[in-house]
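S.K.: Take a look at the letters that make up each chain.
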Amino acid sequence: MKIGNIDLGEIKESQIGAALAISFLLFNVVFWAYPFIWLVILSVTEWRFFDVPTFSGLKNFFIVLNDPEFWRSVWNVIRFLGYYVPIVLACSLGFAFGLQHIGRGKVFIALSFLVANISSGVAYSLVFEKIFSSTGPLNTFLADWFGFTIPWLSSPNMAMLSISLVVTWKFVGYYGLILYSGLVAIPQEIYDAAELDNTKPLTKLFKITLPMINAQLVMVLVFAITVAFGIFTEPYMITGGGPMESTNMPLLVIYETAFNRLQPSRAALMAIIIALVSYLAIKIMRKFLEKNVELV
Amino acid sequence: MNNIIGIILVAGLLLLNGCSQSDQTTKDASAGKVIKLWVAPEESQEAFWKIVVERWNKSGLGLPVEFKTIPAVESSEKAILTALVADNAPDISTNIFSGFSTQLAGLGQLQDLSVMDGYQELVSVRHMETIMQDWDQNGKKYVFPLYSNPTLIWWRRDILQRLGITKIPETYDDVYALSKQYAASDNKYGMQIMTGKIWYDRWFDFISFYYAASNGKPYVKDGRAVYNNEAGLAVLTFMETIYKNGWTALDFESDDPLTTGLVVGGVRGPWSISFFERMYPDTLKKIVVGPMITKHKGEGKTFTLADSKGLVIFKSSKVKEAAFDFISWVFSNDEISLLWLEKTSLPPARGDLMDNVIFKRFYDTHPMARQYASYVNVAIPSAFTQSTIDVQKTMGFEMIDPVKFGIKTPKEALADAIRRTDKILQAEH
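Residue numbers (my numbering), protein chains in the order written: chain R, 1 to 296; chain A, 1 to 429.
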């Protein structure tokens with residue numbers, strides 16, 4: 001076969017593969033390797049956008065190390081995960097189990113839940129800001145019917161929970177579908193055998209279902225940890241990092257350090273630290289929770 | 001005879017100078033040079049600049065001007081900074097506040113306007129000598145202020161009347177009294193104390209209240225936070241009392257509480273007039289404007305914050321002189337100042353706002369705008385510090401929020417905020 005003057009028969013398969021892969025490699029060089037190298041260079045230099053970066057050794061490291069706002073934001077990630085992981089896992093599992101029992105309209109319902117995932121973060125953040133306001137519709141309803149209100153966004157203790165609920169709403173459909181794919185892959189024979197043994201539903205859940213979807217659960221947890229370290233739009237739009245810095249997340253601190261305090265070098269180092277910490281968190285989670293499940 | 005020769009010589013020189021300038025302008029214009037102007041992304045200001053730029057370009061007095069609104073996705077500051085870094089910044093930009101101008105000046109990006117030809121004449125014709133003192137940055141004037149928006153308090157006249165209050169509240173005790181009465185109704189509050197959760201909202205709550213309580217004393221001076229004083233404590237104690245008694249909601253993010261009647265009063269700027277005219281004309285009819293509140297009513301007008309913004313010429317501009325000529329033409333013309341007022345309702349930064357007859361007719365028919373204009377001379381701009389955002393975030397996180405939730409006493413909160421702010425300001429220097 002010939003394309004123009006090139007005889008495809010003369011080209012080795014490996015060369016075609018390399019040619020196809022080169023576009024992906026180039027993409028990575030331009031959009032990943034170059035920014036990453038620049039990030040590393042920035043982290044050990046002093047640069048304020050308009051001057052030439054000058055080597056500053058570990059100066060940025062010591063400044064970031066002694067920055068209480070940055071480390072408080074890392075602690076906030078842990079707080080966020082404390083709320084987010086149980087809520088999103090419970091809801092996603094609920095969604096996946098529900099989807100299993102739906103006959104008609106399964107695709108429509110699944111897609112409806114996914115709409116939240118592809119919605120504009122800014123748009124839904126504005127909506128939730130109004131819903132959760134002290135004088136918003138949710139609190140007006142609570143006050144009218146039950147005589148109390150909840151400071152969803154204005155209390156330092158409640159604000160992170162509210163942000164977790166918003167992020168849960170966004171990801172429940174996506175995570176739910178991942179878990180659903182695991183559920184439908186479990187052979188029915190295992191449940192039939194359990195039935196014969198008179199196994200109780202809870203035992204089935206913890207001894208069969210959850211272990212059998214371990215891969216999907218770990219995947220969802222990896223995504224959840226990534227989201228926790230990368231969350232920006234929701235706290236930025238809904239709480240502005242407050243009240244009392246209770247929802248100030250690392251990306252907010254990095255953004256403000258780079259563009260409000262005009263210290264991109266420090267922000268670069270913060271970004272590297274956050275990347276390393278999130279990688280470590282995922283590694284630890286996988287070490288403790290990942291199981292190699294095989295059907296023999 | 002000597003006099004006549006002198007006059008002829010001077011006239012000749014002026015003519016030559018004029019010709020050479022005009023020749024240069026023509027050359028520049030024919031070389032495709034233009035003055036690039038970015039204006040605030042706001043409908044009424046855009047309408048003003050459209051007319052003014054058209055007039056200038058038709059007049060042929062200098063290089064043509066190309067204008068567009070600041071391409072701000074998130075904020076004007078980010079858009080300007082990005083353009084500067086990418087080397088495609090305009091020659092002139094409006095919408096510059098004090099803190100951002102300090103940052104840009106610190107990075108060496110701004111032209112000192114006070115060394116430009118015609119600067120003194122421009123300041124003098126607008127009677128801006130005192131105003132420019134507030135914009136001094138180490139003896140240099142990087143910003144030419146365009147407008148000065150004092151913050152005042154809007155009160156719902158109908159609710160005040162219903163409560164039997166005939167005098168506009170002016171003291172904390174007045175607010176306590178009306179709050180006690182109004183908050184007794186279901187789900188109602190006295191006053192909106194906090195404007196919002198973002199750092200710039202502190203201009204319209206704590207800083208406005210502080211300027212009123214301190215008779216316009218600065219809150220940052222010589223690289224230190226200086227609001228740990230009687231005025232700062234009075235404002236925080238006032239806030240604590242209001243929150244402790246439930247006379248304000250923890251936030252009002254849902255709807256403007258003045259329109260829903262959830263509160264009787266709240267701090268607003270003159271920009272709210274045109275907004276309410278468009279969105280809530282019925283509520284606007286029920287509004288009466290009063291000064292900022294203080295612990296005790298003092299003599300004369302109560303000080304307040306000036307939410308003031310101006311324009312700058314960037315150092316990277318290749319047509320600085322031509323750009324300043326354009327600015328001089330725009331802002332030395334009284335008629336254009338009137339046009340600004342008519343289009344935006346924002347008080348132009350001029351010292352003769354209440355005396356100049358050209359503005360009289362406008363203010364005679366716009367009583368609310370007149371009230372704002374009458375406070376321009378006691379309205380103080382925000383502090384000139386590169387750390388504006390951190391200074392004001394600290395006020396919220398370290399001081400107002402803990403007082404709001406009863407975690408700290410006003411005294412403790414004030415001391416903590418000062419400590420943290422000083423650390424930030426020291427790092428800046």
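For the record, the hints were derived by calculation from the structure and aren't laboratory data. Computed from a prediction, not measured in an experiment: that's the story for all the values here. C-beta: ideal position from N, C-alpha, C; glycine also. There could be a bad hint or two in this list.
[Said to hold, decoys possible] In the PhoX-like style, the derived pairs of lysine-lysine whose C-alpha atoms are separated by at most 20 Å in a straight line are: (1) A:Lys78 with A:Lys167; (2) A:Lys221 with A:Lys180; (3) A:Lys360 with A:Lys343; (4) A:Lys423 with A:Lys221; (5) R:Lys204 with R:Lys291; (6) R:Lys59 with A:Lys423; (7) R:Lys130 with A:Lys78; (8) A:Lys188 with A:Lys221; (9) R:Lys130 with A:Lys188.
[Stated by the list, open to error] Counterexamples of contact, computed for chain R against chain A with all Cβ distances above 10 Å: (10) Gln15; (11) Phe27; (12) Pro35; (13) Phe49; (14) Pro53; (15) Thr135; (16) Ala185; (17) Gln188; (18) Thr209; (19) Met212; (20) Arg261; (21) Leu276; (22) Met285.
S.K.: Hints first: check each against the structure and report whether it holds.
M.R.: Structure-based check of each hint:
1. Taken as a hint, the lysine 78 of chain A and lysine 167 of chain A pair is broken in the structure, with Cα atoms around 44 Å apart against an allowance of 20 Å.
2. At roughly 37 Å between alpha-carbon atoms, lysine 221 of chain A and lysine 180 of chain A are farther apart than 20 Å, so this suggested pair is violated.
3. For the hint linking lysine 360 of chain A to lysine 343 of chain A, the alpha-carbon distance of about 16 Å falls within 20 Å, and the restraint holds.
4. Our distance criterion of 20 Å between C-alpha atoms is met by lysine 423 of chain A and lysine 221 of chain A, whose separation comes to about 14 Å.
5. Distance check on the hinted pair: lysine 204 of chain R and lysine 291 of chain R sit about 18 Å apart at the alpha-carbon level, within 20 Å; holds.
6. Among the hinted pairs, lysine 59 of chain R with lysine 423 of chain A is consistent with the structure: their alpha-carbon atoms are about 18 Å apart, no more than 20 Å.
7. Restraint check: the Cα-Cα separation between lysine 130 of chain R and lysine 78 of chain A comes to about 26 Å, which exceeds 20 Å; the hinted pair is violated.
8. For the given pair, lysine 188 of chain A sits about 39 Å from lysine 221 of chain A by alpha-carbon distance, which is inconsistent with the 20 Å threshold.
9. Straight-line distance between C-alpha atoms of lysine 130 of chain R and lysine 188 of chain A comes to about 18 Å, which keeps the hinted pair within the 20 Å bound.
10. For glutamine 15 of chain R, the condition that its CB be more than 10 Å from all CB atoms of chain A holds, with the nearest at approximately 39 Å.
11. Once the 10 Å rule is applied to beta carbons, phenylalanine 27 of chain R is consistent with being away from chain A; the minimum gap is 22 Å.
12. The beta carbon of proline 35 of chain R sits about 15 Å from the closest Cβ of chain A, which is more than 10 Å, so the claim that it is off the interface holds.
13. Chain A draws phenylalanine 49 of chain R into its interface by the beta-carbon criterion, the shortest separation being 5 Å against a cut-off of 10 Å.
14. With a least beta-carbon separation of about 13 Å from chain A, proline 53 of chain R lies farther than 10 Å from that chain, consistent with its non-interface assignment.
15. Residue-level check failed: threonine 135 of chain R sits 5 Å from the nearest beta carbon of chain A, not beyond 10 Å.
16. Interface exclusion of alanine 185 of chain R from chain A stands, the closest Cβ pair being 43 Å apart, more than 10 Å.
17. Consistency note on glutamine 188 of chain R: stated as away from chain A, and its beta-carbon is indeed over 10 Å from all of that chain's, at 50 Å minimum.
18. The beta carbon of threonine 209 of chain R sits about 41 Å from the closest Cβ of chain A, which is more than 10 Å, so the claim that it is off the interface holds.
19. For methionine 212 of chain R, the condition that its CB be more than 10 Å from all CB atoms of chain A holds, with the nearest at approximately 45 Å.
20. With 10 Å as the threshold on Cβ separation, the claim that arginine 261 of chain R sits away from chain A is violated: the shortest Cβ distance comes to roughly 7 Å.
21. With a least CB separation of 25 Å from chain A, leucine 276 of chain R remains clear of the 10 Å interface cut-off, as annotated.
22. The claim that methionine 285 of chain R is not at the interface with chain A holds, since no C-beta of that chain comes within 10 Å of its own (minimum 31 Å).
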